[in-house]
Structure formats: structure tokens, C-alpha cells
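> Residues per chain, in single letters:
Number of protein chains: 4
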Amino acid sequence: MDRLRCGILGATGIIGQRFVQTLTRHPWFDLVSLYSSRADGKRRYEGTVNWLLGPEVPSSVSDIVLSEYGSILTGRKDVDVVFSALPADTAQKLERKAARKGIHVISNSSCHRMDRDIPLMVPEVNGDHLKLLDGRKDKGILVTNPNCTTVGLVMPLDPIRDLIEGEVHVSSYQAISGAGYPGVASLDIYGNVVPFINGEEEKLIEEPGKIMGSLKGGSIRSSPLKVVPNCARVGVKDGHLVSFSARVEKGTDADDIIKLIGAKKGLKGLPSAPERPLVYRKERDRPRPDLDSFSGDPPGMVVSVGRVRVDDGMLRAFSLVNNTIRGGAGNAVLIAEQCKREGYL
Amino acid sequence: MDRLRCGILGATGIIGQRFVQTLTRHPWFDLVSLYSSRADGKRRYEGTVNWLLGPEVPSSVSDIVLSEYGSILTGRKDVDVVFSALPADTAQKLERKAARKGIHVISNSSCHRMDRDIPLMVPEVNGDHLKLLDGRKDKGILVTNPNCTTVGLVMPLDPIRDLIEGEVHVSSYQAISGAGYPGVASLDIYGNVVPFINGEEEKLIEEPGKIMGSLKGGSIRSSPLKVVPNCARVGVKDGHLVSFSARVEKGTDADDIIKLIGAKKGLKGLPSAPERPLVYRKERDRPRPDLDSFSGDPPGMVVSVGRVRVDDGMLRAFSLVNNTIRGGAGNAVLIAEQCKREGYL
Amino acid sequence: MDRLRCGILGATGIIGQRFVQTLTRHPWFDLVSLYSSRADGKRRYEGTVNWLLGPEVPSSVSDIVLSEYGSILTGRKDVDVVFSALPADTAQKLERKAARKGIHVISNSSCHRMDRDIPLMVPEVNGDHLKLLDGRKDKGILVTNPNCTTVGLVMPLDPIRDLIEGEVHVSSYQAISGAGYPGVASLDIYGNVVPFINGEEEKLIEEPGKIMGSLKGGSIRSSPLKVVPNCARVGVKDGHLVSFSARVEKGTDADDIIKLIGAKKGLKGLPSAPERPLVYRKERDRPRPDLDSFSGDPPGMVVSVGRVRVDDGMLRAFSLVNNTIRGGAGNAVLIAEQCKREGYL
Amino acid sequence: MDRLRCGILGATGIIGQRFVQTLTRHPWFDLVSLYSSRADGKRRYEGTVNWLLGPEVPSSVSDIVLSEYGSILTGRKDVDVVFSALPADTAQKLERKAARKGIHVISNSSCHRMDRDIPLMVPEVNGDHLKLLDGRKDKGILVTNPNCTTVGLVMPLDPIRDLIEGEVHVSSYQAISGAGYPGVASLDIYGNVVPFINGEEEKLIEEPGKIMGSLKGGSIRSSPLKVVPNCARVGVKDGHLVSFSARVEKGTDADDIIKLIGAKKGLKGLPSAPERPLVYRKERDRPRPDLDSFSGDPPGMVVSVGRVRVDDGMLRAFSLVNNTIRGGAGNAVLIAEQCKREGYL
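First to last, the sequence lines map onto chains D, X, E and Y. When the letters of the first sequence are read in order and numbered with this note's numbering, they come out as residues 121 to 465. When the letters of the second sequence are read in order and numbered with this note's numbering, they come out as residues 121 to 465. When the letters of the third sequence are read in order and numbered with this note's numbering, they come out as residues 121 to 465. When the letters of the fourth sequence are read in order and numbered with this note's numbering, they come out as residues 121 to 465.
Keep in mind that the hints were calculated from the coordinates and are not lab data. Treat the hints loosely; a few may be bogus.
Any copy will do: because identical chains look the same in the list, a pair fits if it lies in one copy or spans two.
Restricting the straight-line Cα-Cα distance to at most 27 angstroms, the calculated cross-link-like pairs of lysine-lysine (DSSO-like) are [stated by the list, open to error]: (1) 197 x 213; (2) 370 x 346; (3) 402 x 162; (4) 402 x 379; (5) 402 x 357; (6) 336 x 257; (7) 257 x 217.
Between the sequences and the hints, there should be enough to build the whole structure, so can you do that?
Structure below.
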């Protein structure tokens with residue numbers, strides 16, 4: 121298989137750092153370019169990035185000189201694919217243009233997620249949605265990654281979707297890494313919970329329906345799934361915990377749900393795909409961010425589910441997603457792998 | 121008004137300490153006895169208690185020699201009323217016997233809350249339930265205080281109860297002080313969320329219906345209100361945050377809800393009753409434990425509500441209760457005040 | 121006594137908020153003006169300030185329209201005295217000019233602390249240094265408040281200064297409120313310690329010598345006290361803990377030290393002066409930020425000391441200062457009270 | 121090389137879990153027995169241990185049935201070497217007996233560390249102290265691992281020991297994992313610092329002198345190094361930060377110190393020995409627990425040092441040690457590897 125040259129848009133942010141971490145050790149992609157708003161033609165990645173993922177910036181990228189965002193649209197094409205961790209407004213101006221120029225874009229930005237012609241992917245859930253790309257007009261593809269909490273909700277709902285009746289009530293316990301850096305002020309969150317995350321509930325209402333929708337006649341018909349979300353930030357570094365409850369089909373019991381969740385299969389042959397994307401924790405107090413956020417192989421790609429109960433037809437459960445990996449860079453790289461295998465990259 | 125001599129059962133625990141804090145400055149009650157499992161006939165309160173509410177044990181109780189639990193049942197009657205913060209199993213053995221002996225018991229223990237002949241009180245919500253006491257056989261009364269999270273849910277639901285249709289979906293973000301001392305191990309909760317609290321969800325299912333039930337023919341007919349709870353512990357010291365959502369009557373909008381909540385009146389003439397027991401926070405990120413846990417006068421007696429939204433007939437909101445004050449000792453003292461004014465004490 | 125009209129420069133920051141909290145209930149001063157970099161001629165204090173000290177902005181200031189900094193130098197004199205919580209560079213441009221205009225300035229800013237003609241005050245320690253003001257050329261006085269950690273160190277060293285020999289080795293455990301708002305990013309400090317605080321160690325080296333210096337011939341001769349500081353930020357909201365050790369005079373034992381600390385007297389007749397400014401905690405694990413940060417009356421004005429030991433002539437101890445009250449606004453207001461009584465205001 | 125069968129005494133505690141984590145992937149040792157106070161003849165490791173190091177107990181040990189402590193002394197010899205994470209009082213009764221029986225004991229317990237005939241080892245610092253074992257009377261060896269904070273102090277002092285003059289003043293910022301499980305109550309440490317750790321300062325006074333002592337005539341002559349420690353617990357999960365300051369030889373500057381620290385070499389050919397045991401961090405705010413606690417290969421075996429400054433002959437610096445790995449199980453396993461290569465195992 122031909123290796124692909126790749127770059128990262130927004131490489132110094134939290135999601136950008138996770139992209140770096142994933143791509144510096146990737147068997148299919150060569151990370152060659154890092155784009156940042158802090159580029160000035162001279163700044164190297166190390167020395168500019170406030171690296172938060174361990175003691176050292178990976179040595180293979182430490183000396184890369186940061187490129188300005190605009191440079192991706194001008195001059196010769198240095199990369200085959202870019203992973204975007206741009207803020208929505210910058211992404212809006214750049215991503216479609218890059219695709220038009222022939223650069224494939226896998227984006228974690230929110231701005232194009234709900235566009236009718238753009239797939240919003242969780243590879244194990246809606247792989248067939250990539251066919252939306254067949255009708256594209258641009259030379260490069262543009263594919264999007266969902267909101268982090270959306271992934272933590274859609275993953276466990278996927279195998280049980282036929283059993284759900286009516287609304288899914290959701291409350292989130294979201295990690296501070298989800299707000300980027302510097303993000304949440306310590307004085308606001310230390311020993312505290314903040315019951316508001318700008319724009320988050322809107323995403324949780326919109327995105328799951330599209331991801332769980334069905335492809336018909338070249339477009340996606342949204343699933344009727346209705347989410348009723350209350351989102352809050354908690355003092356956790358990594359891992360969004362999601363509480364959800366919903367009415368399920370009469371006669372369904374907890375074991376039915378647990379079996380369906382445990383039976384969900386992983387994608388074969390993709391480096392970032394865990395063998396099983398969902399793990400059911402039978403312990404009474406799991407999933408927990410401290411123990412389950414880096415679950416799976418690669419670490420952080422498994423969504424953990426626990427405390428499934430069904431009483432009087434009402435399902436209650438918790439799930440946990442690593443917000444910057446499965447809910448961010450890791451899922452985006454998995455999308456790229458799927459696109460590559462399917463021939464879109 | 122005659123002053124009453126009172127005591128505290130379980131005076132060294134967290135709720136016990138809040139009782140001490142409240143009662144050492146109370147205009148109606150004289151705190152004269154402190155009962156503890158750590159009593160040995162010699163130990164003073166200061167020096168035994170691991171006081172967690174400030175730099176100093178209140179001077180008026182620091183020299184009180186701790187009494188053994190059993191002593192309340194033997195010998196002469198030293199107190200008119202006891203406030204109980206006993207663990208359920210100890211309370212089970214002691215509280216009814218004390219009432220039989222003629223000592224009035226206001227209990228924060230869970231063991232008698234659902235007993236048919238015992239009122240489970242939030243004074244502003246179900247004051248009329250005290251009439252259950254009219255038929256009692258014991259010389260002393262036994263009245264109970266709800267679970268902390270129950271109070272945080274029932275208070276905002278009370279004024280809007282007629283608008284709620286179907287289940288109320290609840291997720292809690294509960295403070296570590298709710299687990300007592302030593303309670304939660306720091307290694308379990310530091311930078312973490314634990315999605316399980318033993319027995320909590322069961323209480324949230326049972327208690328609200330009783331509190332919001334109606335007194336008919338000398339007994340309480342439970343409200344049909346159905347709660348679907350998911351409880352979790354977060355790294356917060358004081359203040360349980362409660363996320364709730366429910367279908368509301370067609371045509372209801374957020375302003376209707378907000379008005380009803382803001383209009384809820386306080387009880388007059390009771391020292392622990394805030395002027396308004398419910399406060400609606402219009403800021404977009406409230407209520408927050410750090411800012412709202414000690415709201416009201418006396419501090420911690422107001423339940424704060426925020427983020428009320430109604431979309432497609434579905435209400436979403438957050439409330440916040442100080443778990444050891446309004447959800448514990450403070451509410452229990454307010455019950456005693458109400459009992460006193462109504463002539464039961 | 122004539123009441124004085126006062127204002128706060130930098131009223132929306134953390135120290136500014138503590139000034140507001142202190143001055144809205146002050147018996148001598150009337151808080152009439154709030155100056156902020158966020159002023160635009162229309163903005164009110166409530167609605168602009170991100171109030172972090174409780175559920176509500178004090179009602180007496182909520183409607184005050186914020187003034188621009190510059191306005192203090194132009195137009196008519198609206199205030200007799202201003203309390204300054206300005207950043208150093210802004211203070212540099214404004215404070216001396218305000219004094220020249222006849223406005224008295226009590227400043228928490230760092231820029232003039234080491235100026236030869238400006239007193240750097242801890243009222244209980246170096247009240248006589250106010251005499252420096254006798255030689256001033258400006259119509260208004262300019263007096264400064266020390267760095268927060270400096271106060272936590274100087275207060276316990278003051279009564280034992282004659283026993284100290286050689287360097288005082290200091291390590292600090294500093295609260296996040298010391299960095300202002302938004303200040304420290306939660307991703308940097310959550311579950312962490314950051315062993316660096318910009319400029320802090322320099323202040324700890326310079327300031328104690330001036331405060332503990334002696335006034336001779338109209339200027340201050342610095343004390344030879346030498347501090348060897350290592351400063352670190354910890355995940356605490358309020359209260360800087362200070363570890364210190366130093367050689368003490370031969371024959372000194374721990375009791376000698378404890379007695380001297382406990383014997384330190386407060387200033388009489390000043391509203392912000394606690395009866396005793398130093399409290400010795402005999403418990404083996406004190407002082408602790410959670411229990412001792414708001415010690416004293418007014419709360420937060422007492423410095424707590426504990427764990428005094430002397431072995432082989434080497435003293436070890438911990439002290440704790442509320443960094444925004446005794447180490448900030450509270451100490452500054454106490455300075456103003458002292459100036460008022462001494463006739464400088 | 122012959123593989124050795126090994127066991128862990130106290131396998132369910134925090135240090136025990138780190139031993140399990142290290143030994144289940146060790147190239148020289150086979151982990152075959154797990155001893156626990158919770159053994160009852162039936163309990164398996166998984167299901168008994170409250171595993172805190174990740175989502176799953178390592179599969180190779182999950183089914184091991186726990187053995188009682190006493191069983192190591194009775195019956196046939198199942199293990200060649202045991203790693204002990206016993207509490208001091210249990211270790212006192214067991215460890216010497218086990219050695220007498222011919223089982224080699226590498227112990228993290230504190231009880232025998234200062235015994236004259238027992239080496240107290242940091243392999244890169246005092247490897248020659250193993251010769252103490254040449255004179256042993258027991259069939260098995262007994263070697264001890266230092267206190268966690270001691271390791272964090274001795275490692276950076278070792279290469280600069282000849283430059284130090286007089287006392288080393290130390291303040292620690294210690295992680296909660298150092299107190300075991302359940303250990304520190306969350307109500308005591310959340311958002312707090314506790315300036316007391318039982319027995320810690322005594323160990324910091326005693327142990328460094330022995331480790332840095334010299335072997336003469338079959339016994340160790342302690343180094344004259346004098347430590348003046350103040351120990352505190354902070355809200356950090358892993359990693360003890362150590363602040364230290366001391367007078368250094370005239371003419372020494374920071375670069376001299378930094379060079380000596382960076383030049384310290386690792387041990388060759390031992391699986392748990394990092395290439396360089398000391399890393400100097402040149403960033404201005406390092407070392408930090410969140411970034412540096414798992415530094416090195418194997419992770420957690422490197423001690424990080426930063427902020428070295430020398431002013432007026434006074435050195436100031438910070439170091440960071442992973443308290444359960446380099447300051448616990450990892451160092452103990454490295455000792456075993458060294459013993460094996462030197463022929464003592």
C-alpha cells in the first residue's frame with residue numbers, strides 16, 4: 121500500500137497534539153506538515169507547542185517548522201491528506217478550499233458536520249455513509265468527525281437502536297481537555313461542576329440522528345432518534361462520562377442490552393480499530409474516567425459501558441468515551457484508514 | 121416560647137457536625153447532649169471529633185463529654201428532642217424506642233423514611249403531612265428528613281408538579297461530603313467521577329412520591345411521580361447538582377416554569393426558613409456548587425435552579441442543594457421548628 | 121470620625137472583588153467608585169464582573185457604573201482614597217499621579233513596593249514605617265501592601281526574628297486564586313503541582329527584609345534576613361501554605377517559638393485587625409488551607425502557624441495565609457485603617 | 121540465565137499492584153504467587169484486588185488464588201524470591217524468617233531499612249552496598265528499598281554530593297498514592313494540602329545518610345549529610361515533588377550542577393534500568409507531576425530535576441520521583457535485577 125503524506129491543521133492544540141501522538145507512530149501515514157495559527161515561518165513545533173501528553177514532544181516532529189494555515193492552499197501540494205483540528209470559523213474558510221485543491225480533509229471541526237454532502241462518521245456505526253463521497257465535486261474528500269460526547273452516546277446506542285422507544289435522556293460529565301488549552305479556568309472548575317458547555321447540547325441533539333441515519337438515494341435520512349441533553353463540565357482530565365436513559369421495547373431486559381453491546385464487532389485490518397469497539401463493564405461502579413479512559417488497543421479507542429439496568433421498561437446506563445481520542449483525533453484517523461481501504465484516499 | 125433541650129445522635133460525623141453548627145446558634149433550642157459511638161465516658165467533643173467545618177469546634181460544645189447512644193434510653197430524660205444522624209442499622213434499634221420513652225426524634229437516618237406512620241418532610245412542600253403524627257401511639261414524635269438528593273429534586277418539582285407528564289429523568293453530580301467521613305477514598309475520586317452510590321437511586325425512586333403524596337384518611341397516598349435516576353459522585357466538597365428532564369403539559373414554556381419556581385414562598389416565622397426556598401439563577405452556567413451551595417439565609421437552605429428550557433414539550437433543568445444543610449441537618453432543624461410551631465414539640 | 125469616600129482600581133479582578141467584599145461592609149469607608157479596564161461608560165459592576173465570592177454581587181455596588189482608570193486623574197475628585205489592585209504596569213503609570221493629585225492610594229500592586237520613599241506595610245509588624253510618609257512631596261499618600269506569600273512568611277518571623285540565624289529556607293504551596301482570573305489553566309494545575317510562579321521568588325527575597333527593616337533617619341535600613349525560596353502552585357483555591365526552616369539561637373526550643381508566636385498582639389481599635397494576628401495550631405496536621413484559610417475575625421485576617429519543631433538548633437514550621445485577604449485586600453484595608461488613625465488619611 | 125520464580129507479599133495494595141504490573145512483563149522473573157491479608161484459600165486476585173492501574177487486571181495473574189502470608193514460611197518453597205509490600209509490623213514478623221528459610225526478600229517495607237546488616241539500595245547510587253550481603257547468616261538475602269521521597273532526594277544529590285555544604289532543606293509535595301488504599305480521605309485532601317505525613321520526615325532524616333554512606337570494613341559508615349525536612353500531602357495522584365536547597369561549595373554555579381546531574385549514567389544490561397536515571401528539565405516550570413511522573417523507560421524509573429539555581433552560594437532546585445515506581449516497586453525490582461547480575465540471587 122502506498123504511504124500517504126499527511127499534515128495537521130491546528131497542530132498545537134489539544135486535539136492537534138493527539139493527532140501528532142497518533143500519526144507519529146502510524147503504519148500508513150507519514151506526518152510531514154504541522155499547521156498552526158502561531159506559525160511565523162521560523163517557529164519549530166517543540167518550543168511552540170505547550171505539550172501536555174507526556175515529558176517530551178515526539179522526536180520525529182520536534183524540529184518541524186510550523187506552517188501557516190493559508191499555505192495549504194498556495195504553492196505546491198505538500199500533503200495528500202490533512203487532519204483538521206481547527207476552530208469552526210477558521211475551518212469554514214479553509215476546509216472546502218483545500219478539498220477543492222485536491223487535498224483530502226478529515227476534520228474534527230464542527231462547521232461542516234451537518235452539511236448534506238459531508239459524511240459524519242463513526243466508522244463502526246455508519247461506514248456506508250462514505251458513499252456520500254461518490255457524488256462529490258471536489259478533487260479531495262471532506263469527511264467529518266463527530267462531537268466528542270456524540271461519539272460516547274452513539275456508540276452504545278448503535279447496537280440497541282431498534283429497542284429504543286421515544287427520547288433518550290442524556291446528562292454528561294465532561295472532561296476539561298474537551299475545552300482545549302487554556303480552556304477552562306481553574307478557578308471555575310476546581311472542586312466544582314459547571315452545568316453549561318457552549319454549543320454542546322445543540323450538537324448532541326443534531327449529530328446522533330445523522331450518524332444513525334440511513335443512506336437513501338445519495339443522501340442521508342436522519343434517524344428519528346431524539347436526544348434530550350443536559351451537559352456539564354466536571355473536574356476530570358480525560359474521558360467524558362455519559363448518563364443515559366430511555367424507554368425500551370417491552371420485554372427487553374438488561375441482559376439483552378448487555379449482549380448486544382458486547383457483540384458489537386470491530387473493523388478488521390485497520391490499525392486504529394480495536395478488536396471490539398464497545399466493552400461492557402460488569403463492575404458495579406464502572407465505567408470510571410480514571411480506569412477506563414484509555415481502554416482498548418490503541419488506547420482510548422474503546423467506549424466502555426456499564427450499569428445497564430432495565431426497570432419497568434426503562435433503560436438506564438452510563439458510557440465513557442475518551443474525548444480527545446475516540447471522541448477526537450483517534451476516531452478521525454480511523455475514518456482516514458477506512459477511507460483509504462475503501463479507496464477514497 | 122419555652123426553649124427545648126436537645127441532643128444529637130451521631131454528633132461526630134459530617135451531618136452531626138452540621139447539626140452542631142446549626143444548633144449552637146439556635147434561638148429556640150439548647151444543645152445539651154452529644155451522643156457518639158466513640159463515647160467512652162470521658163471523651164470530650166473537641167479532641168474526639170475530626171471537625172471539618174472551620175478552624176475551631178464551637179466553644180459552647182467543645183467541652184461536652186460524649187454520651188453513649190444507649191444512654192438516651194436509660195436513666196432520666198436529659199433532652200426533649202434529639203436530632204439523629206445515625207447510620208440506618210443503629211437508628212433502627214434506637215429511634216422508635218426513644219420516641220416511646222417520650223423523646224422527640226427528628227431523624228436524618230434512612231430506616232424509617234418509608235414507614236407508613238412516619239412523616240417524611242420537606243417543610244415547604246408537605247407541611248400537612250405532620251398530621252400523620254396525630255395518630256401516633258408513642259409519647260414522642262418521630263419525623264424523618266429525606267435523602268439529600270431527594271430534597272434537591274423535590275424542591276423544584278413541587279411548584280411545577282401539575283405540569284409534569286410521565287417520568288422525570290434524573291442524573292446527579294453528588295459531593296463527597298455526602299458519603300461521610302472518611303467516606304470516599306481520595307484515590308477513587310480525585311480527578312474522577314464514580315457512577316455509583318450505594319442505595320442512592322433506590323431512595324430517589326421511593327422518596328419523592330411519598331413527599332409529594334397527599335394525606336387522605338390519616339395516611340399518605342403516594343404521588344404517581346416516577347423518577348428514573350442515574351447517580352454519580354464527583355470531586356466536589358459541598359453541594360449536589362441534579363440534572364433533570366421531563367415532558368411537560370402542552371403549551372408550557374420555560375417562562376411558565378421559571379415563574380412558578382420563583383413564586384414559591386418560604387415559611388414565615390421559622391428561624392431556619394429562608395424567605396424564598398427556591399432561587400432561579402438566570403446566568404447561563406448556574407447553579408454551580410462553588411457559588412450556590414451556601415445560598416440563602418441561613419446559608420445552604422436555598423435550593424438553586426437554573427438552565428430551565430422547554431423544547432418540543434420537554435423540560436430540561438439543573439438544581440443544586442447543599443447536601444448536608446438543606447439536604448441534611450438544616451432541613452431537619454427546620455422540621456423541628458415547624459413541629460414546634462404546630463404544637464407537636 | 122469623618123467617613124471617607126473610596127474607590128477600587130481593578131475592581132473586577134480577584135483582589136478587586138475581595139476589596140469590594142471588605143469595603144461594602146466597612147464602618148469607616150464608603151465605597152463609591154469602581155474602576156476597571158473593562159469600563160466603557162455604560163457597563164455596570166454586576167453583569168461585568170465574573171463574581172467568584174458567592175451567589176450574588178453585593179447589592180450596594182451591583183448598579184455602580186464602572187469608571188475608566190484614567191478618569192481618576194481627570195475631572196473633579198470623587199474619592200478620598202483608592203485601593204489599587206492594578207497590574208504592575210498600569211499601576212506604574214497611575215498611582216503616583218493619583219497621589220500627586222491628592223488622592224490617597226493604598227496599593228496591592230508590586231511596582232512601588234521597593235521604592236525608597238514608599239512604606240511596604242504589614243500593620244502589626246512595621247507600623248512605624250508609616251513615618252516615611254512624613255517626608256512625602258505629594259498631596260496624597262501612597263502606601264503598599266506586600267506580596268501574598270511575603271505576608272505569610274513575615275507574620276510568623278516577626279516575633280521570633282531575634283532568634284533566627286542565617287538563611288530562612290522557604291517552600292510555598294500557593295493557591296490558584298493568587299494568579300487571578302482566568303489565571304491558571306485547569307489543564308495545568310488539575311491534580312498537579314507547578315513548581316514555578318513568575319516573579320514570586322524575587323518578591324520573597326526582596327520584600328521581607330524591607331518590612332522587617334528599621335526606620336533610621338527617614339529611611340528604612342533593610343533587615344539582614346535572607347530568604348531562600350522555592351515557590352510552587354498547588355490545586356487549592358484559597359490559602360498559601362508556607363514551609364520554612366532556619367537555624368535558631370542555641371538553646372531555643374519549640375516551646376519558646378510557640379510562646380512568642382502566640383503572644384503577638386493585635387492592633388486595637390481597627391475594624392480589620394483581629395484580636396490576635398497569629399494563631400498557633402497545636403494539632404499535628406495543621407495549618408490546612410481548607411480549615412484555616414478563613415480563620416480570624418474578620419475571616420481570613422489571621423495567619424495560622426503549626427508544626428513548630430526545633431531539632432539540633434534547626435527550626436521547622438508551616439504557616440498559612442489567606443492570600444487574597446490577609447495577603448491582599450484585607451491587609452490593604454487594615455493599612456488604610458492604620459493610616460486613618462495615625463492621621464495620614 | 122535461569123528464570124526465577126517470584127511472589128509478591130501484600131499484592132493487593134498500591135505498591136503490590138505496581139509489583140504485579142512490573143513483574144507480569146518481566147524478562148527474568150516469573151510471577152507465580154500472590155500473598156495477601158485478604159486470602160482465604162479461595163479468593164482469586166481479580167475479584168479481590170481493587171485494581172487501580174487501568175481497566176483490567178493483567179490476565180496472567182487474574183486467576184491466581186491468593187495465598188496467606190504465613191504460607192510462605194510453611195510447606196515447600198514455591199518461590200525463589202519475594203517482593204514485599206507489607207506493612208511494617210507484618211514485615212517485621214515475616215521477612216527475616218523467609219530469608220532464613222532460603223527465600224530471597226526484596227522489601228519495600230520500612231522496618232529493616234536501617235538495620236546494620238541490611239543494604240538499603242538505590243542501585244545507581246550505592247550498588248557496592250550489596251557487599252553487606254556477603255556476611256549474611258541466612259540462606260536467602262534480605263535487601264530493602266528506601267522510602268519513596270528519599271529516592272527523589274538521594275538521586276539528584278548523589279552526583280553533586282561533594283559540592284553540598286551543610287544541611288539540605290527539603291519540602292515535599294507528596295502524592296496520595298503514597299498513602300495506599302483507601303489511604304487519604306477525599307474530604308481531607310480535596311482542594312487542600314495536608315502538612316503532615318506520619319513518619320515521613322523521620323525517614324527522610326535517617327535514610328539518605330545510609331544510602332550515601334560508604335562501605336568500610338563490612339559495615340556502612342553514614343554520610344554526614346543532614347536533611348531538614350517538612351513533608352506535606354497534595355492533591356496529586358502520582359509523583360512526589362521535592363523542593364530542596366543547600367549551600368554549595370564556593371564558586372559552584374548552576375551549570376556545574378546541571379552538568380553533573382545530566383552526566384549520571386544508568387546501569388547497563390538491567391531490564392528496569394533507564395539509560396539515564398536522572399533527566400534535567402530545562403523548561404522553567406518543570407518537573408511537574410502530570411508530565412514527568414512516568415518519564416523514562418521503563419516509565420516512572422527516571423527522576424526528573426529542574427529549576428536548578430545557585431545564588432550567593434545557595435543551591436535551589438526541584439526534583440520529581442514516581443513514588444510507587446522508582447520510589448517503590450520499580451526500584452525494588454531493579455534491586456533484584458542488580459542482585460541477580462551480581463550473583464546474590
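> Since the copies are identical, ignore which copy is meant and state whether residue 257 and residue 217 lie within 27 angstroms (CA to CA) inside a copy, between copies, both or neither.
within (12 angstroms within a copy, 66 angstroms between copies)
> Give the relationship of residue 402 and residue 379 under a CA distance limit of 27 angstroms: within one copy only, between copies only, both, or neither.
This pair counts as within: shortest intra-copy Cα distance 12 angstroms, inter-copy 44 angstroms.
> Are the CA atoms of residue 336 and residue 257 at most 27 angstroms apart within a copy, between copies, both, or neither?
within (19 angstroms within a copy, 71 angstroms between copies)
> Between copies, within a copy, both or neither: which fits residue 197 and residue 213 at Cα up to 27 angstroms?
within (18 angstroms within a copy, 51 angstroms between copies)
> Is it within, between, both or neither when you check residue 370 against residue 346 at 27 angstroms Cα-Cα?
both (19 angstroms within a copy, 18 angstroms between copies)
> Cα distance capped at 27 angstroms. Does residue 402 pair with residue 162 within a copy, between copies, both, or neither?
Between. Shortest inter-copy distance 21 angstroms satisfies the 27 angstroms Cα cut-off; intra-copy 52 angstroms does not.
> Go through the copies and call it for residue 402 and residue 357: within, between, both or neither, with a Cα cutoff of 27 angstroms.
Both ways: residue 402 and residue 357 sit 24 angstroms apart in one copy and 25 angstroms across, limit 27 angstroms.
When held up to the earlier numbered hints, the structure conflicts with none and fits them all.
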